[in-house]
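Hey, can you piece these two chains together into the complex? The hints should help.
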Amino acid sequence: MTSGSGLKDATAIVGIGQTPFARHLADDERTLACRAVLAALDDAGIAPGEVDALASYTMEETDEVELAKAVGLGDLTYFAKVGYGGGGSCATVAHLAAAIATGQASVGVAWRSRKRGSGPRPWRNTTAQLPIPAQWTRPFGLLRPVDEIAMLARRYMHEYGATRDHLFNVALACRNRANQNPAAIMYDRPLTREMYMTARWISEPLCLYDNCLETDGALACVVVGRERARDCRQLPVYVHAAAQGLPAQHHGMVNYWNDDPLTGPAWTAARHLWKHADLTPQDVDVAQIYDAFTALVPLSLEGYGFCARGEGGAFTEGGALEIGGRLPLNTGGGGLSEAYVHGFNLITEGVRQLRGTSTAQVPGASACLVTAGEGVPTSALLLRS
Amino acid sequence: MLSPVTDADGAPFWEYAARGELRVQTCGDCAEPRFPPRPCCPRCQSFAAEWRPVSGQGRIWSYVVPHQPLLPDYAELAPYNVVVVELADAPRVRLVGNVVSAPGAPLNSVPPELIRIGARVRAVFDGTGLPRWVLERS
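Note that the protein sequences, when read in sequence, are chains U and Z.
Using the numbering used here, you'd call the opening residue of the first sequence number 1 and step up by one each time.
Using the numbering used here, you'd call the opening residue of the second sequence number 1 and step up by one each time.
No lab work stands behind these hints, which were simulated from the structure alone.
Glycine included, C-beta positions come from ideal geometry on N, C-alpha and C.
Please note: incorrect hints may appear among the correct ones.
[To be verified] With the C-beta cut set under 7 Å, the calculated list includes, among others, these residues of chain Z facing chain U:
no., residue
1, Thr6
2, Gly10
3, Val24
[Stated by the list, open to error] The calculated label-pair distances, taken between Cβ atoms and stated as ranges, are:
no., chain 1, residue 1, chain 2, residue 2, range
4, U, Thr192, Z, Glu113, 25 to 35 Å
5, U, Arg193, Z, Gly127, 38 to 48 Å
6, Z, Met1, U, Ala70, 37 to 47 Å
[Stated by the list, open to error] Far from chain Z, some chain U residues (derived; all Cβ distances over 10 Å):
no., residue
7, Arg155
8, Thr198
9, Arg355
Bound conformation, chain Z alone (with noise of 0.2 Å):
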């Protein structure tokens, strides 16, 4: 599997991501949150930051299901789910991820079907450093 190629605005995201944590970049001035991490603020031009922590709670906003022809390790678990979540706490602030059965099930672990646009999902955390997603019961 292929584990995340980070730059120095990047990092900081993945070392909360370890220790458990869903933390996102936050304009130290205005406040703005923004996605992907940057230098600066978009909106103020500000070059303070901070990287404030997130709920985890969120809704999808849209899945795929990758088939053949994949990369090796992907393929293996193909077809599997690939999401994208938009956060309740900072709703313009969507992450790509997958929805799973539970912490550290694989990313085929919960049928396609069963995934669908709102669908309330929270974030989990497993031994892989990357965040993952399951389903709320609604």
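One chain only, chain U, in its complex shape (with noise of 0.2 Å):
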């Protein structure tokens, strides 16, 4: 381990923890929290008291002042927010990473409560449109993510020749190793290429399969400088690279309207992150790539360099998301299987990786690509043992 300069290798993720994820919990979102928050601690085996900082999405309900007096948190003297949905998971541990780096906090706590699975769908809401870009959409029946996310999908399938064999590749994959993770919704539940060329449309070209699952569920990680991790009751799981990316003229989910709308933000984080990193895209041994919709493995897999521009689909061909494969995709099953949380669990799930102690282990994993949602203003770590 060598001792770069800035955030590389200066904080580790050190204590995971989560509740159970269902359709639908009895909890509260402020009750799921407290649990993930409390196991990730006891995990990490550090008390409550001790922690001096907080990050979460700025879509997170429980509040850092609710969290902090029900779990018995210490004093804080950082705590952030991290805006577009998806986009901020990676971005809540970077956050924390760059806050302990810099001194102004020792131990830190990242944590999604959600109750996506019991609560309404967001975009059913009609009187909180925001006129940007929803005056430019909602009118003309362009309602829900997978319709914005869609309308991407078919203009990359046209330009790159990707077919729904190659969103299929992804789909299954992720239900593979679900199929391996006791903890997974769709644990007991295999999938077919027929289910998958059979299931009913949501957006054309994107079916059922093509779409992250609807989730109760918390997770909440521990994040703290390199010398505390090393004294810590589990092995530390190394932050060595992070990065944010909100690119120029980006306009969000609808992005249809910069000179190259198929490249995202990923490509901005991407280029933020390898130049701060020492391993490259051939190093990289698992990846936990968001996967709200299965299109959004492609571009991601564009982005983050795992392949040429176009060659996304391609990629997917021939086994290589699978165990064994080129690059061994979202090992607890993701959002597609596992669960959808914000893409938290894509972090937890890069952490028993480098572990070595997930439910489908690629074998001597050491380094992980985690990356949030892509099409939104995005984040990404590049964590390793």
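Here you go:
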């Protein structure tokens, strides 16, 4: 381990925790948040009173004050929230890493608690429409995130010859890993090509199995400095590099209005990530790539440099995303088949892979890329053991 | 059906559309069109802007066909089409809309299999104040 400047390996994730995942859980979001945070601290062997930093999403409904009061955190000297829904997942850890590396705090907790399974679908809200970009999209019936991404997916398939089989490869890899993970919602539900090809449409060209789950659940992780990490209960998983990405002239999920809509925030985050890393895409043993929709994965594979422009579909061929393939993907099942909690389960699964404790362990995995939502302003983490 | 919830920058677009005109916000200094509308020009930072008429000719850049679950008014029309149209006069301005068989026809009035990326379309206006698109004979 080199003592790089800045963020490089300066901090580590030393605890992870989660609640059960289900379509409906009885506990409210605040209670679920408390359970996940306490589980992560217990995993790390760190007392709640030692926590002095928090980070979550702007969409998180459990405020810092409520969480800190309930679980008995200490005096907080750093707290941050990151916007853009699932684009903020990795950034929560990145913000804690930056705070700890610069001495603003010493023990940070990031979390996400969400009852998306029980709660309303956000797109059904017709009263809280934002003028930008909703005035340009929703009146025409482009109502849901799936419609917005399907528009990019259609164009992508047209330009590069990507097919529904490529999207199926993504859905299948996630489902196969979920079938190995008892915590996954789809643990006992295998997926076949016939099921995929005959599934009902949601927004053509995307079908039911191109969409993530709707889940109740909460997750958390604990971040500390590298020195402290050596004394914790678990093998440290180092934050080797971290990046956010909001490209010039980007427009959010409906990114139809810049020069090149098929290059999204992943490209911006990736340039920064690799510039500050000792590793290259070829060194990544396993990837947890944000999968609210299957079509985001080929775009991300290109953006993060695993293949060239337009090759993201073809990359998925020949079992490349399965265990033993070129790049095992979403090894807990991802948002498509484990749980959709705005991508936080991708972070905790990345930690498990580098501890060697995944239910679909990649032998000898020592570097894992974790990404946040593509399409929206995003973030990414490069983790190493 | 949902009506546009406008803001100060976007309101002129809808005011012109209600009169049957398709206009695009354009920099008053460097003449660069921009969309969505915004307070100043990202190229030259000028706050001067005008609303320039465009021909209404365009090509389909991409499209989707939404199915259930949808908001009730849209569910009744599903499956319908939503397109992104690239304007002939300003290729980087792309408008979300619907292809219809004629002005005033519903969102599901054109069979989805007739819609193609690259197809030529022309803006039409109906009583809703929203621009729609009809396929041009090629």
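Interface restraint verdict for valine 24 of chain Z against chain U (beta-carbon cut-off 7 Å): This interface hint is violated because 12 Å lies over the 7 Å limit.
Assertion that arginine 355 of chain U lies outside the chain Z interface [Cβ separation over 10 Å]: 39 Å, holds
Proposed interface contact between glycine 10 of chain Z and chain U, which counts if any beta carbon pair is under 7 Å: 5 Å, holds
CB-CB spacing for glycine 127 of chain Z and arginine 193 of chain U relative to the 38 to 48 Å hint: 47 Å, holds
Methionine 1 of chain Z paired with alanine 70 of chain U, Cβ distance criterion 37 to 47 Å: Roughly 44 Å apart at Cβ, these two residues keep to the hinted range, so it holds.
Beyond 10 Å from each Cβ of chain Z, as asserted for arginine 155 of chain U: 4 Å, violated
Non-interface claim for threonine 198 of chain U versus chain Z (Cβ beyond 10 Å): 14 Å, holds
Satisfaction of the threonine 6 of chain Z interface hint, Cβ to chain U closer than 7 Å: Hint holds; threonine 6 of chain Z Cβ to chain U Cβ min 5 Å, cut 7 Å.
Assessment of proposed distance window 25 to 35 Å (beta carbons of threonine 192 of chain U, glutamate 113 of chain Z): For threonine 192 of chain U and glutamate 113 of chain Z the Cβ distance comes to about 27 Å; the hint holds.
When the structure is compared with the earlier hints, violations turn up for hints 3 and 7 and for no others.
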